[in-house]
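Peer 1: Based on these hints, arrange chain G on the given structure of chain V.
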Amino acid sequence: MLEIKNLHVKLEEEDKQILKGVNLTVEAGKVHAIMGPNGSGKSTLSYVLSGKDGYAVTEGSATLEGADILDMEPEERAAAGIFLAFQYPVEIPGVGNMTFLRTAVNSQRKARGQDEMSATEFLKVIRAKAKDLQIDAEMLKRPVNVGFSGGEKKRNEILQMAMLEPKMCILDETDSGLDVDAMKLVADGVNALRDEGRGFLVITHYQRLLDHIKPDVVHIMADGRIIKTGGPELALEVEHNGYADILAEVA
Amino acid sequence: MALPQIKQDATEVRLAALDLPKGGWAQAAREDALARVRAMGLPSGRDEYWKYTRPDTLVQPDAPKASLLETDETLIFDDVDRLKIVFVDGVFSAAESDDLAMEHVSIDRLADAPDIHWAKDHYGVLETRGQTPVQRPLATLNTAFATDGLLIQVTGKAPKPISVIYRHESETSDAILHHVVKIENGAELTLLENGPAAARFNKCMEVEIADGGVFHHIRAQGRDHERRAATAIFTRLGEESVFKSFTLTANGVLTRNECVIELTGDNAVAHVAGACVGDGDFHHDDTVFITHDALNCESRQVFKKVLRNGATGVFQGKILVKQGAQKTDGYQISQSLLLDEDSQFLAKPELEIYADDVVCSHGSTSGAIDEEGLFYLRSRGIEEGPATDLLTIAFLAEAVMEIEDQAIQDEINSRVEAWLSRRRG
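Heads up: the sequence lines are chains V and G, in that order. In terms of this note's numbering, the numbers along the first sequence are unbroken and rise by one, the last being 304. In terms of this note's numbering, the numbers along the second sequence are unbroken and rise by one, the last being 677.
One chain only, chain V, in its complex shape (with noise of 0.2 Å):
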């Protein structure tokens, strides 16, 4: 699904090398996880990915389904099969939620040179998933994330996540900001999205959110690279321990 080969990246502005040779393989069907201290690289990987100014690919490749990605605009990504749940959703005031769904699944039908879908069935569609994330109709008429608090924030990401039925998602720390119960009905909302042609790359610092999400594979990330990979075990471990026995391990 997604494979990403010796990845260099850097900032544009300042010359400073944030991803130092990154390989990593995402399969359909499989959630594979990376945890990572704080500056390893872990958030750069995803706005890269998703195609965030500001970021200079200076070697390396990035491909999702055999198509290079690293050179497509955001919304040709998006097209592709890219989403990326955002830590900050960002706060679009005077845009109706639901307008801005429809805007965006829309878009990508078109892009994709398929009917767009009307608002009546838009509107059933919306409906029945975001009674499934507890999100009301008037949140879905509010401004997009305007004065939503941290977990209807990120429920409302979930929401635009199965509107948009990617096959790649990519959750930059989701589960940051939120409280158990909030977390698990996040979780129960991307596990209901898990299925055989979808990857996930799940980006977290705390094993936590993974209790609720099973990972298949669990990377180590530290300083632009992925210094260790391995099973769910590895997530425990880290939980136990902290990075400092595994960065030793690997130094």
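Please keep in mind that the hints were generated in silico from the structure rather than gathered at the bench. Glycine residues also receive a C-beta, built at the ideal position from the N, C-alpha and C atoms. Just to be clear, a hint being listed does not mean it is correct.
So the derived list for chain G, only partly shown, Cβ under 7 Å to chain V, looks like this [stated by the list, open to error]:
1) LEU598
2) GLU602
3) ILE605
4) TYR606
5) GLU624
6) SER631
7) ARG632
8) GLY633
9) LEU642
10) ARG676
11) GLY677
Peer 2: Just chain G now, with coordinates in the frame of chain V:
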């Protein structure tokens, strides 16, 4: 003090091109206004109040030519259940207008009002008050020479809005209209206005709102690119009364909208808002002066401007809180979204406060499209153009949301959306 000769000459040249309408109850007010214009002179580029907006084409004797916009779109407010009044190049069109009759509302025209009329005690009164501390000679010129206008007296809750449509048919028309609105105790009216009106339009509206009265005003200035307009609203609010005005301006080579508000009764509320979108040869000036002269009043000024291709936006907004106007709550925000580096926004926010227990805030910013928001929308698959449009509408939202009627809000947003998408081709 004698006027500079050059200003005196420019004023006389303009006056020579106009005829003072004779007779009727307004004659004395018109003659008084004429004398006042002569004394103060018409605006010139040297006046401090016209520092950011060149007044010469508003003052010169002939209206510069303005071609007509060709469009097959329906007019804004066409779907509203309303009492419709149409002026074509400033001339009342009986054929296109509804009967000037509605429950709780009396409507007459300035041009044919009976000899004895309630408006005699109001015509030019608020305009005259509004000349201190800053002179507004174009409004005074209007009081003297207005050829027509509406005299609207409201004694209860008007069953539907009055909708005034200003059509523009002649490329050289020069229209001067003057409305007087009187909202009696506890009465309520919504006034809608739309259209370019003329090649050059000078409009003055005086709105007296008695205790407990409510006046809503929503206006969409016409899209004809070369049209020019100088408009002024003068309003005075009694106790617990409400004044809310919103203006959408898309296109127009020159627009100066002045709004002069006096809060004279306790607990009154005045909101004035404007959203404008300009592309290229576009100069838009919002000039507001709000005087708080009573207890516990609230005023809000919310002005948003979207500018591109060298368009210019101007905001001059002042809140004056008089001694004793305690518990005043004044808010003023003026912001521009500059879609390129050629456009400019000039702002002069002012506060002058003589009471010690007040809350007044003001802010003014200029900025580009929010990159974070743009990336967020694009990451969801929305192309850069439509994503920029959505963020532009989002930028205007605070002003548009000043309109209480949700359907009209939606209508304004969809007009802006259409304007933006036309520019993407």
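Peer 1: If a hint holds in the structure, say so; if it does not, say that too.
Peer 2: To see whether the hints hold, each was checked on the structure:
Evaluation of the LEU598 (chain G) hint against chain V yields a violated restraint, the C-beta minimum of about 25 Å exceeding 7 Å. Violation of the interface hint for GLU602 (chain G) is found here, the shortest Cβ-Cβ separation to chain V being roughly 27 Å, above the 7 Å cut-off. A hinted interface residue such as ILE605 (chain G) counts as satisfied when its beta carbon comes closer than 7 Å to some beta carbon of chain V; here the least separation is about 29 Å, so the hint is violated. The interface hint given for TYR606 (chain G) is broken, as the beta carbon of that residue sits about 35 Å from the closest beta carbon of chain V, more than 7 Å.
For GLU624 (chain G), the interface hint holds, the least distance from its beta-carbon to any beta-carbon of chain V being 5 Å, beneath 7 Å. About 5 Å separates the beta-carbon of SER631 (chain G) from the nearest beta-carbon of chain V, less than 7 Å, and the hint is met. A distance limit of 7 Å between C-beta atoms decides the matter here; for ARG632 (chain G) the minimum to chain V is near 4 Å, and the interface restraint holds. A distance limit of 7 Å between C-beta atoms decides the matter here; for GLY633 (chain G) the minimum to chain V is near 4 Å, and the interface restraint holds.
Below 7 Å, beta-carbon pairs count as interface contacts, and LEU642 (chain G) has one with chain V at about 5 Å; its hint therefore holds. With a least beta-carbon distance of about 14 Å to chain V, the hint placing ARG676 (chain G) at the interface is violated under the 7 Å criterion. Violation of the interface hint for GLY677 (chain G) is found here, the shortest Cβ-Cβ separation to chain V being roughly 17 Å, above the 7 Å cut-off.
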